[in-house]
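A.B. asks: One-letter residues, chain by chain:
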Amino acid sequence: MTTEPVAGFASCHSDAAGPLAAAGSPVVALVGAPNVGKSTLFNSVTGARRQVGNWPGTTVEVGRAQWTVPLAGGDTPIALVDLPGAYSLDPVSPDEEFTRALLRMPDEADRPDVVIVVADASRLARSLYLVSQVREIAGRVVVALTMSDVAARREIEVDVEQLRRRLGALVVRVDPRRGIGDADLARAVGESLERPPLPARPRPDFGDDELAAADERFAWVQAAIDAATVAPDDEPHTWSDRIDRWVTAPWVGPIIFLGVMWLVFQLTTTAAAPLQDALDAIFSGPVSAAAVAVLGLVGLAGSWVEGFVVDGLIGGVGMLLTFVPLMAIMFALLALLEDSGYMARAAVVTDRTMRLIGLPGRAFLPLIVGFGCNVPAISATRVLPDARHRILTALLVPFTSCSARLAVYVMLAATFFPDNAGNVVFAMYVISIVFVVVVGLALRRTLWRTMGRDALLLDLPAYQLPHLRILGVVTWGRLLGFLRTASGIVVATVAAVWLLQSIPVGAAGSFADVPVQDSAYAAGAQAVTPLFAPTGFGNWEAVGALAVGFVAKEAVISSWSQTYAVEEPGDLRSPGDLGDAVRADFDESSGGHTTPAVWAFLVFLLAYTPCVATVATQWREIGRRWTLFGMGVQLSVAWLVAVAVFQIGRLIS
Amino acid sequence: MSGGPLRAVLGAVEGGAITSADIQRTTGLSMDMIRTSLEQLVRMGYLSAEAMATACPPTGCGSCGSATPQTGTCATGPVLIGLSRTQRAG
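Those protein sequence lines, which keep their order, are chains A and B.
42 is the number that this note's numbering gives to position 42 of the first sequence; each next residue is one higher, with no gaps.
45 is the number that this note's numbering gives to position 45 of the second sequence; each next residue is one higher, with no gaps.
Rather than coming from a laboratory, the hints here were simulated on the basis of the structure.
We put the beta carbon where it would ideally sit given N, CA and C, even for glycine.
A few of these clues could be false.
Computed far set for chain A versus chain B, every beta-carbon distance over 12 Å [to be verified]:
#  : residue
1  : G37
2  : P84
3  : L124
4  : I156
5  : E194
6  : A273
7  : W304
8  : V309
9  : A344
10 : R445
11 : L447
12 : A547
13 : F629
14 : L651
Rough simulated footprint, nothing fancy, chain B against chain A, three-plus residues with beta-carbon under 8 Å [unchecked claim]:
#  : stretch
15 : 87 to 96
16 : 125 to 139
17 : 204 to 213
Ranges of calculated distance between the beta carbons of each label pair, as one might list FRET restraints [stated by the list, open to error]:
#  : chain 1 : residue 1 : chain 2 : residue 2 : range
18 : A       : V324      : B       : G15       : 25 to 33 Å
19 : A       : R245      : B       : G3        : 28 to 36 Å
20 : A       : P418      : B       : G15       : 25 to 33 Å
21 : A       : L635      : B       : G15       : 38 to 46 Å
22 : A       : L441      : B       : G15       : 46 to 54 Å
Could you build the full structure based on these sequences and the hints that come with them?
C.D. replies: Set out below in structure tokens:
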């Protein structure tokens, strides 16, 4: 804000560059909002002989020039001053404060003799607010109407005479880019100077009620526009507007959104799958073979070092890199949706839907992404501007059933419910949605009771063709961020699991050469197995598989096949020996209530911590404290619901 | 809420309008008047405006490759502007 006293217009007839107009000659001030053509008009009428300098006593830069207007029968030089762009005379910005101070100088001699308000005919509402404020000061006012060609293209007709009557000021149509209307404006200024100043526009005293005062001006502006303009009932729509009619419609919009997200999900999983398989094959094939060969050359063939390097480090890095195609495709598609402008529409649609169930509106997007993979979904919580919404949504994402869990669902459903395998898998997705809603409502009603629903208004940007450079930069930047943070945790966890499976417990075997059931891994699983007795799957093989599933859900099946020393099924829909072995253990641990025990296992698998990559991403996005809290919630919910499912199911079956 | 366009627009936002089109359906005002009213309400502190982007890094524009060296903000791309009601409007 300008705080120093501002010198009046009486001092502006000359500056260091010399005289602008004869002392005592009229001073005309040019005011208007930025981008209405004010400076173009100034240059047009003065021939661009602008002198730029600071206003006396201030650091505000203004343009000044001499202008000749017809006055008293002859051409008279006057000083034209181009004041800084101002939307209004509200003291919001330094420029507005300065303009307000000059136009409202206590001494009328210090005020300009005429104020020209430059108004955009294509956006009159925006320009006339300033006119309403200038008219609240007694003085001569001329309105220069620019952009009439733009208004005409939008089929907006402005009746200049009617507008003059409503505004109580002379109105002149000008086109400064073509020099049209300059002479008319000069005549209007001369005519205005020959008349006495206009009285201030009468209005009620609103005291300190700024909203009421501003609203009265808007009503005055609206009345002038209604009287003086003819516009199409509905503004001419751009193709963006036409698309938005469908894309943001209350019923069609959500369907389109679900279709778009289904496409994102399909593209991500289908396009990433072969790349993931290829990377997995490279690491488990040539890379591992090369490592074995190198270790053989240095005499470490068959040693524990070989096991650690091949099964631990290379296996861990390989698993991490299999996430890269998934992440890259998901990030690229999300960036594409944003850069094209669709994301703003998705936010509108989901906001409406999520309001119904009391969750933050745009949280729907990361939750949908979570059904593909939880890791990019947690990164996608950045769509939420409110930190509390980001945390809540990042805590809910792990309850969305990612595609990695699908493999285990398919295998167990085919083993235990061969006639209804498809329905069982579908039920898991329904249960996943129920988890998200119930846990979300529970957290909001406990931790975030004060998290109010802000009234939210979204200004929709026009659609545009996405920029490849931006998509590339954004995708690469976020991918690097993921790799930097997740790599350490993933590799360390994979190596730790290998280590536990390599350490013998008891007399059997030696380090890195021990059956799994005699390893520290089995011993650890057996130690916590009693905790799972109430769930019906209290056998160490299942508990061990869940522990490995903490690293990655894909590892659950391979862990079982290692544990039972049977070949991993090539087709999960025909589990064969592995299915028989798992069934035998579930029969035993559930006391014959196999079906509820399997459901309890499936529910636990769905609800507990998805994988270390998810934890690492949560850590990065919402911090350590909330990540650990989230793991606690997931394990508690998983265990409690699994116990409930088994115990209730046992009573029913 | 009775009064002129400004109060009508503020009332529509408080009533749950999510987009400018929603406000237009509620108030019958022109888009020009609605946009001008929203700008005025932001200037007066009754609404707050925030740019949102999914693809921006959490550290802000400064560390983003899309930012222009001159301004430090995004060179291109539609940016979603969220306007939320501030305490003052309550």
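A.B. asks: A separate judgement is required for each hint: does it hold in the structure or not?
C.D. replies: A quick look at each hint next to the structure:
1. G37: Label holds. Min Cβ-Cβ 17 Å, cutoff 12 Å.
2. P84: 16 Å, holds
3. L124: 7 Å, violated
4. I156: 9 Å, violated
5. E194: Given that every Cβ of chain B is farther than 12 Å from that of A/E194, nearest at about 34 Å, it holds.
6. A273: 24 Å, holds
7. W304: 41 Å, holds
8. V309: At roughly 35 Å from the nearest Cβ of chain B, A/V309 sits farther out than 12 Å, so the non-interface label holds.
9. A344: 4 Å, violated
10. R445: 22 Å, holds
11. L447: Check passes; 21 Å lies beyond 12 Å.
12. A547: 32 Å, holds
13. F629: Given that every Cβ of chain B is farther than 12 Å from that of A/F629, nearest at about 20 Å, it holds.
14. L651: Check passes; 46 Å lies beyond 12 Å.
15. 87 to 96: holds (count 4)
16. 125 to 139: It holds: at least three residues are needed, and the stretch 125 to 139 of chain A offers 3 whose Cβ sits within less than 8 Å of chain B.
17. 204 to 213: holds (count 3)
18. A/V324 with B/G15: 25 to 33 Å: 47 Å, violated
19. A/R245 with B/G3: 28 to 36 Å: 30 Å, holds
20. A/P418 with B/G15: 25 to 33 Å: 54 Å, violated
21. A/L635 with B/G15: 38 to 46 Å: 43 Å, holds
22. A/L441 with B/G15: 46 to 54 Å: Since the Cβ atoms of A/L441 and B/G15 sit about 24 Å apart, the hinted range of 46 to 54 Å is violated.
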